[in-house]
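J.: Using the supplied hints, reconstruct the complex from the two chains, each of which is provided in its own coordinate frame.
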Amino acid sequence: MNSLRSRLLLIAAAIGLSVFALFPRATEVREKKPDGSFVNTTKRLWPLKYGLDLQGGMHLALEIDESKGAVADKKDALGRALKTVRNRIDQFGVSEPVVQQSGDDRIIVELPGIDDQQRAQDVVQKSAFLQFQITDETNALEKSLPRVDAAIRAQKLDGTPATGVAATATGPSAAAPLSGLLTGDTTKKKPATAADSAKAAAPAVADSAKKDANGPMTRLVQPGQFAGQYYVKESDVARVTSFLADSAVRNAIAPGKVLRFGDKPIGGDPAAGGVLYRPLYMLDSKPIITGEFLTDAKPNRNQLEPGYVVEFEFNAEGGRVFRRETGKHLRDNMAVVLDDRVVTAPTINSAIGRNGQITLGGAGLQEAQDLALVLRAGALPVPLKVAEMRNIGASLGQDSIDKGKLAFGIAIMMVIVIMVGYYRFSGVIAVVALGLYIFFTLAALAGFGATLTLPGLAGLVLGVGIAVDANVLIFERIREEMDRGKSARLSIDEGFKHALSAIVDTSVATILSGAVLYQYGTGPVRGFAVTLVVGVAASLFTAIFVTRTFLLLWLDRTGGTKPLSI
Amino acid sequence: MLRIFHNTKYDFIKWWKVAAIATIAFMGIGLASFVITGGVNYSVEFTGGTLVQLKFKQAADAGKIRAALDGAGIRGAEVQQFGGPDEYIIRAQEKTLVSQQAAGAEKVADQIKAALDKSLGAETYTVARKESISPKVGEELSRNAWIAMVLVSLATLIYLAFRFEWRFGVAAVVATLHDTIVTLAFIKLLHLEVSLTVVAAILTLLGYSMNDTIIIFDRVRENLRTAGKDSLYNVLNRSINDTLPRSIMTHATTFAASLALLLFAGEVIRPFAWVMTFGIFVATFSSIYVAGPVLLWIEAKFPRKATAGSAARTDGAAKRAGAVATR
Numbered sequence: 001m002n003s004l005r006s007r008l009l010l011i012a013a014a015i016g017l018s019v020f021a022l023f024p025r026a027t028e029v030r031e032k033k034p035d036g037s038f039v040n041t042t043k044r045l046w047p048l049k050y051g052l053d054l055q056g057g058m059h060l061a062l063e064i065d066e067s068k069g070a071v072a073d074k075k076d077a078l079g080r081a082l083k084t085v086r087n088r089i090d091q092f093g094v095s096e097p098v099v100q101q102s103g104d105d106r107i108i109v110e111l112p113g114i115d116d117q118q119r120a121q122d123v124v125q126k127s128a129f130l131q132f133q134i135t136d137e138t139n140a141l142e143k144s145l146p147r148v149d150a151a152i153r154a155q156k157l158d159g160t161p162a163t164g165v166a167a168t169a170t171g172p173s174a175a176a177p178l179s180g181l182l183t184g185d186t187t188k189k190k191p192a193t194a195a196d197s198a199k200a201a202a203p204a205v206a207d208s209a210k211k212d213a214n215g216p217m218t219r220l221v222q223p224g225q226f227a228g229q230y231y232v233k234e235s236d237v238a239r240v241t242s243f244l245a246d247s248a249v250r251n252a253i254a255p256g257k258v259l260r261f262g263d264k265p266i267g268g269d270p271a272a273g274g275v276l277y278r279p280l281y282m283l284d285s286k287p288i289i290t291g292e293f294l295t296d297a298k299p300n301r302n303q304l305e306p307g308y309v310v311e312f313e314f315n316a317e318g319g320r321v322f323r324r325e326t327g328k329h330l331r332d333n334m335a336v337v338l339d340d341r342v343v344t345a346p347t348i349n350s351a352i353g354r355n356g357q358i359t360l361g362g363a364g365l366q367e368a369q370d371l372a373l374v375l376r377a378g379a380l381p382v383p384l385k386v387a388e389m390r391n392i393g394a395s396l397g398q399d400s401i402d403k404g405k406l407a408f409g410i411a412i413m414m415v416i417v418i419m420v421g422y423y424r425f426s427g428v429i430a431v432v433a434l435g436l437y438i439f440f441t442l443a444a445l446a447g448f449g450a451t452l453t454l455p456g457l458a459g460l461v462l463g464v465g466i467a468v469d470a471n472v473l474i475f476e477r478i479r480e481e482m483d484r485g486k487s488a489r490l491s492i493d494e495g496f497k498h499a500l501s502a503i504v505d506t507s508v509a510t511i512l513s514g515a516v517l518y519q520y521g522t523g524p525v526r527g528f529a530v531t532l533v534v535g536v537a538a539s540l541f542t543a544i545f546v547t548r549t550f551l552l553l554w555l556d557r558t559g560g561t562k563p564l565s566i
Numbered sequence: 001m002l003r004i005f006h007n008t009k010y011d012f013i014k015w016w017k018v019a020a021i022a023t024i025a026f027m028g029i030g031l032a033s034f035v036i037t038g039g040v041n042y043s044v045e046f047t048g049g050t051l052v053q054l055k056f057k058q059a060a061d062a063g064k065i066r067a068a069l070d071g072a073g074i075r076g077a078e079v080q081q082f083g084g085p086d087e088y089i090i091r092a093q094e095k096t097l098v099s100q101q102a103a104g105a106e107k108v109a110d111q112i113k114a115a116l117d118k119s120l121g122a123e124t125y126t127v128a129r130k131e132s133i134s135p136k137v138g139e140e141l142s143r144n145a146w147i148a149m150v151l152v153s154l155a156t157l158i159y160l161a162f163r164f165e166w167r168f169g170v171a172a173v174v175a176t177l178h179d180t181i182v183t184l185a186f187i188k189l190l191h192l193e194v195s196l197t198v199v200a201a202i203l204t205l206l207g208y209s210m211n212d213t214i215i216i217f218d219r220v221r222e223n224l225r226t227a228g229k230d231s232l233y234n235v236l237n238r239s240i241n242d243t244l245p246r247s248i249m250t251h252a253t254t255f256a257a258s259l260a261l262l263l264f265a266g267e268v269i270r271p272f273a274w275v276m277t278f279g280i281f282v283a284t285f286s287s288i289y290v291a292g293p294v295l296l297w298i299e300a301k302f303p304r305k306a307t308a309g310s311a312a313r314t315d316g317a318a319k320r321a322g323a324v325a326t327r
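So the sequences go chain by chain: C and L. Its first residue numbered 1, the first sequence is counted upward by one per residue in this note's numbering. Its first residue numbered 1, the second sequence is counted upward by one per residue in this note's numbering.
For the record, the hints were derived by calculation from the structure and aren't laboratory data. Since the model is a prediction, treat every value here as computed from it, not as a measurement. A virtual CB, placed ideally from N, CA and C, is assigned to each residue, including glycine. Any given hint might turn out to be false.
Said to hold, decoys possible - Here chain C is said to cover these stretches of chain L; the calculated rule only asks that three of the stretch's residues, wherever they fall, bring their Cβ under 8 Å from a Cβ of chain C:
(1) 102 to 109
(2) 140 to 153
(3) 156 to 165
(4) 177 to 184
(5) 207 to 213
(6) 260 to 270
(7) 282 to 290
Just chain L, with the same shape it has in the complex (with noise of 0.2 Å):
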């Protein structure tokens, strides 16, 4: 029988305090560059608006494209490399632009296509695929995506409610909410495309992660029965441990598809798998940092009545985040 890490003991939660600097370390930068250059970047889908992917017979050059659109006027459209040399895609979100879009959605598209027909030559490349949003579109469906994001959070916290006792449940949704938070910090980072795709991608993260840590919780239910005096720190600990060899392999194998996706799936899923392979840390991470610590903390503020006296310990313990575990 092949194992990997069979009967750890290994103290992940005293190393919090670090993981705690780490992730608001990295929600911080997330955040400056939130503050410095502006929100994240909206899909078309979202903000209204023109998409326009080209292929090229030959490798084309983007400047001679930006020059097109802004001899015809069309100014503010982002021109950008798609995949090989020879792919491109145009994107033209410009709020005058947009507002235009709104007597007709295919306008800001056909005077795209005018504008290279007339300085490229319209031989010179095929339209490969074309997305043209009137601002009311575009508003409906950032509002639904807005939506579906607020009730699947409300849905799966009315389900930890009735799964979990609350501090179980209050401790899962702080993590799910980290994890939205890291990952939206990681989008702007990378400047992925904000695409309803991609809120399909955090959503079936947020599940997830949410998996990971009801599989944790749900054994740190099971060992409280047999801990008779052993404070919830350790309980969490030697559950996080005996739940590692599950959590490692899951992770593999949803990772191993996910680095398919990425690699493979070419350029239009890329934002989705980018944010799937992301995602499987934030929710390991999380899922051990994030609600184990603060299931602890509230354990010390709302000590349960029946183990009162083992809440008391693990108050101390989680203080002195140095000591070391023992069973």
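One chain only, chain C, in its complex shape (with noise of 0.2 Å):
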């Protein structure tokens, strides 16, 4: 009596510990109001946490992208990288974000009910190295350029022709071939230095630009609005790009100097007929100052024009380096250049100092606030590409809740009628067994921070089947002690003990495929690995001890003088 008192005692203190285990709790929920900024809110959750193929979300592993130069320490770049993903993640307002580091060479970001996948990529991936640099003055390009065709011409760059012919002027300035603009006529804002420039340089240049008019880079480019800016046809791009990617090509342009394309194309519609033109800078290669000075960047409604602005905020040093090398460039251009592309190259009217800001045009709030937040959080160390990317809608996922609750309450019901309407009265102790084996299993897995997934969820409804299974290796043992005569008492006691080796067997087989799959499955499989070795240690808790209470507690009341019905 004592024993069964302390068996109901530990059976009780179990149901209450699992009651607190998954009781709903106050949750602090991170929410994104439609203004940027991040509001705490309080809910009260079931405290079970579904995963990302359940919720809905993206998952991402990331690497480091090496295909653009070997990267030395890939060690510390990555340990690096990670603390820029954490920030720009953190920011991003996503409630229960994962960012962790997996195995030597992976980055892992988990984003729940994440629907953008695009957007988050982009946060993730962008590099946010932003630079100022000066655009070009010197007409080096100019100069450049028929070194630049033969070395296209050496390299064999220049296969089928271009689709751009040269002298249309459906251009958004009146475009004309480059070699016309050394013959004089310009389009420049500040004609005075560069058209100096140009003039000194057009006897030398001109003779060879003359000849080479039809050059396979030359005949692709068109004068832009100011010194240093140009114009590609929209559908010449790609063959500029892959022209620039050959080192000889580079090696051709003027030392010192850099080519970037613009972040977007300018012009006509197409649909309308017009033709789309990308900016292309000259751009002095070192720049007067870059983004890891940056303390603050928020997005900002533009005052002038309708779009938004980007505004920044340098700290005491970069504010000093910033003032001192815009003061010497004055009404030059100064193009900011975020990851390689120019977003904006305005005039510089006056020294700027800590404060300054980035005009993007024609972008929206989303775009500001996201590049707000990459330059916040400062750029990535090393270029990163997604190594695994896997993203489930939230509506797949609610299905496949709803369907594997359906399909778990399918089986109880089944599971049910079988124990019961075999074993009657002890089919009864098993089902009410079987019932808190599932609320142990979900309390364990919401104590222990498990996760559930969809496999996770097929295992807990196989686990109603297979968890069944010990109650029935204990009744069969009880009926078979019965039928050799033996009272009710001893064949419950003499039932337990001979079941007990063949249970233990089984839970061991159970527990050691779970432990293997858990160390080499991924999420998913790692949720059923682990429902698996919870529901045993639970179904092991239920079968052997609640089981046997019970049937020690109809001992009790009946004095074990009636069969037992089984």
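T.: So this is what it looks like as structure tokens:
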């Protein structure tokens, strides 16, 4: 009786603990308001975590991208990249994101409930390397073009004819081939310095330029609106990019200068017969300052025209450098270069100190917000590429949950019918034990902070079928002992004793598989492994301990004189 | 007291030849299918590649989806209806496509999306699921799956060796091996996609099947102690009969659960449910008709000293396949 009471107390304690583990609790949820700020609201949530395959979301595995150059200290680079990514994701406004290192060479990012995959990927992957570079004033491109053309021909990069014919006059500027520019006509804003140097260079270059007006590069490039800016037809961008990818071609460009494309095309709407052009800029390769001095960046509405700007702030040292450099380059154009793309190239009207802004032509608030976010969080020390990406829509996840619950309910009903139909009173005990098994399993998953995935849910359903096995083994043994004419009490004792070794064997086998699966599986399968192992433990407790306690209770009530309904 | 298969005295082992022929035939068909149509259908997780699950607003046509992909130069992608007529799955596992993903796993998925947007319209469908796996990750995942399979087998082997004496252990291992092969043949014949989840199902199944064998062998060991001069053949039969009600009940409940999964839990988990449902039959079969006969065969080849006499009789009994077991 005493032992019976302590048994009941232990079961009650387990139930109490489980209720506590499963009780809905106040959880802080981070939500993003429409204006981009975050609020922490408190919600009462059921504490069982769903995996990405059930709640919908995005799983990303990123690796260091070495296609643009080897990375010397990968481990260190990955560590710093991890910090940056974590910084960005923290500000991204997803509740319960996961950012962690996996192995030596991978960063795992998990974003529950994310639907806009492209945006999330951009925020994670964008290098956000910000540079301020002065545009070229010396007609360096014009001078380099003959050599560039020669290099392209020498490298045999000039295959099929270009789609763009140089002399079309539909461009955003009154476009003429560059060779024309060299002979006088220009649309430059600041003719003073640029024209001088153009004149100086003209005799030498014009000769070869004339000969080569149809050079592979020359005919694709048209002058832009100010020194150092050019236009390339959008349809030719890929061609020019492939030329510039060749190191011999890059070496042919004037030393100390780089060519960078703008981030967006401009010009007519192609649907209306217009032609799209992409700005191309010749820049001083040494930036006057980079984003490493940034302390803050935030999106704002553009005061002068429709659209948005990102306002940034440098620290004191950055402010000093920026003021000095912009002061030196008054009336020059300064290109704001993000990840090797020119976002904007305004004229410097006065020296700029700690505060500046980047004008985003035609960009929405979202884009301005995301740019501010990545600038604040800092540049990625190395480029990252996607090694693995999984997206599950929230509706598919919900569908899986609904169907899983249905299958769960049906499995339980069928098992109840089978057990009670066959074992009668003892079957009822087994069913109560089964109910507790499910309850304990869920509680343990919640209590250990495990994640319920779709395979895990399947494991739970399957577990309902398998968990009664221990009870079946015990009941069959008890029946055999009763067949030998033993009393109910003795049969129960013997039945449990004999069935135990087989039950332990089966449990060990399952735990072994579960442990290996956990070690070598990915997210969803790990969820399955956890459910499996937790289920086995719960089943051991309910089948052996709880069922026996109930049978002892029955013996206690009836005095062991009645035949056991089994 | 409701009883089924109580105190039965079926001579299960008598039918071992028929059983052997049946299972070898099944394996043979599976093997032939392997030879003729190539290996099993590995998921993108293992090969690297891209899977896109689409949900259309209206019933859609696989031909049009295929045409859209072909038009964009995405070759060798498989388009398959998935559940209802408005749901489709696209699998791009062709080698050149997969190698493109080495530079960024999302590339092919983006191409597929662009192709569909262009020819079917972005508003006609939504992407319900997308998996993009670079070839490197695919290699790692398949290596991990193999390691998992081997480790589970090894761990099982060690546990069995520890738990039983070697004759029983080897018989149980052979039965487990049999289950793996037969399940693979089944997966092949049903064209099930082998994903990590299916590997998990196979491993669970191995555990489940081993349970069955262990429970029968446990009983054999127990019955051997009281067997006296009875042959192992008879002891085996008796043990199978003794544990028959338990086997029927456990298989019934597990079958009920996996049937619920198969019918109601949706398309994503269906390959898992198929393997489990089939596996229940395989486990039942192998614990009786593989583990048992193999144990008899081992006993005949390597008779234990203490019971050399009974082992010899076992040998005879096994050869006389038609012998009726007496108790």
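J.: Could you check the structure against the hints above and give me the numbers of any it violates, in ascending order?
T.: Going through the list in order, the structure violates hints 4, 7 and respects the others.
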